[in-house]
Structures are given as structure tokens and as C-alpha cells.
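Required output: the full structure, derived from the provided sequences and hints.
For the record, in the sequence shown the residue sitting at position 91 is 91 according to the numbering used here, with numbers rising by one throughout.
None of these hints come from the bench; they were simulated from the model. Among the hints, a few may not be true.
[Unchecked claim] Calculated lysine to any residue pairs in the SDA-like style (CA-CA distance at most 25 Å, straight line): (1) Lys-18 <-> Ser-46; (2) Lys-13 <-> Gln-74; (3) Lys-13 <-> Val-73; (4) Lys-18 <-> Ala-63; (5) Lys-18 <-> Ile-43; (6) Lys-18 <-> Leu-47; (7) Lys-18 <-> Leu-68; (8) Lys-18 <-> Glu-54; (9) Lys-18 <-> Ala-60; (10) Lys-13 <-> Asp-71; (11) Lys-13 <-> Arg-45; (12) Lys-18 <-> Leu-36; (13) Lys-18 <-> Arg-50; (14) Lys-18 <-> Arg-67; (15) Lys-18 <-> Gly-55; (16) Lys-13 <-> Ile-41; (17) Lys-18 <-> Gly-80; (18) Lys-18 <-> Gln-94; (19) Lys-18 <-> Glu-57; (20) Lys-13 <-> Gly-48; (21) Lys-18 <-> Arg-66; (22) Lys-13 <-> Gln-35.
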Amino acid sequence: TGYASILSLVRLKPQAIKIDHQLILPIATSETGRQLVESLIQIARSLGVRVIAEGVETDAQVAILRRLGCDTVQGNFFAGPMPEEALRRFLDAQTWRRAG
1 TGYASILSLV
11 RLKPQAIKID
21 HQLILPIATS
31 ETGRQLVESL
41 IQIARSLGVR
51 VIAEGVETDA
61 QVAILRRLGC
71 DTVQGNFFAG
81 PMPEEALRRF
91 LDAQTWRRAG
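Take a look at the structure:
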């Protein structure tokens, strides 16, 4: 829903928060950026809220987010935008890979 204060997180009790890609971008190259994302994840954990990181583009970002305890990552690291039929084929291939 856009920007949120910590107080609104306490009041609204969302199921998940999404960390904007602009905050994710520097986590592999900036200690300050990584610490900020880590703090956001810790706040979410203390409230029992799932964490989604958007705009993940590199394997380094995936590794850092995994280590920090992020629940879900999304972004071009996994796949770029695609038409519906291409998405169906992509998902079918992923399901087959996991089942085999």
C-alpha cells in the first residue's frame, strides 16, 4: 500500500511486508544498506510478519537475504516479465525440475 510506519505495522498487523527494490539493490555492496534491510527483517520477525524482498537481481542478494531470514524473494534474478503463455511454460518447467 505504499509507505508504512512501524506504528501502522503494529496497528494493522499485516501478514507480510514487502521491502522495496530500492532498499534491496545496495545490500551486496553497502554495509549500511545491508544493515537497514536486516533491521527491517528483524522488526517484521518481532511482529510475527512474513518478509518479501522485491527487485532481487543477483545471486549475492539472494544469498544475503536468505542469511538474514527473508521469507520470499522476487525479481529478475529468477525470471523477467513475460507473456502469459511463456509464464505457463516457465512454471511447468520449474515444476518438472522440482519433481525430478
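Structure-based check of each hint:
1. Lys-18 <-> Ser-46: 15 Å, holds
2. Lys-13 <-> Gln-74: 22 Å, holds
3. Lys-13 <-> Val-73: Answer holds: Lys-13 to Val-73 is near 21 Å, not above 25 Å.
4. Lys-18 <-> Ala-63: 18 Å, holds
5. Lys-18 <-> Ile-43: 13 Å, holds
6. Lys-18 <-> Leu-47: Distance ~14 Å between Lys-18 and Leu-47 Cα, so the pair holds.
7. Lys-18 <-> Leu-68: 15 Å, holds
8. Lys-18 <-> Glu-54: Distance ~7 Å between Lys-18 and Glu-54 Cα, so the pair holds.
9. Lys-18 <-> Ala-60: Distance of about 19 Å is within 25 Å: holds.
10. Lys-13 <-> Asp-71: The given pair, whose Cα atoms are some 17 Å apart, holds under the 25 Å limit.
11. Lys-13 <-> Arg-45: 12 Å, holds
12. Lys-18 <-> Leu-36: Holds: Lys-18 and Leu-36 sit about 14 Å apart, inside 25 Å.
13. Lys-18 <-> Arg-50: 9 Å, holds
14. Lys-18 <-> Arg-67: 17 Å, holds
15. Lys-18 <-> Gly-55: Given pair Lys-18, Gly-55 holds - Cα atoms ~10 Å apart, limit 25 Å.
16. Lys-13 <-> Ile-41: Satisfied, since the Cα-Cα distance of roughly 15 Å is no more than 25 Å.
17. Lys-18 <-> Gly-80: 19 Å, holds
18. Lys-18 <-> Gln-94: 24 Å, holds
19. Lys-18 <-> Glu-57: Given that 25 Å is the threshold and the Cα spacing comes to 16 Å, the pair holds.
20. Lys-13 <-> Gly-48: Holds - the C-alpha atoms of Gly-48 and Lys-13 are around 9 Å apart, at most 25 Å.
21. Lys-18 <-> Arg-66: 15 Å, holds
22. Lys-13 <-> Gln-35: 24 Å, holds
In terms of the numbered hints stated before, the structure departs from none.
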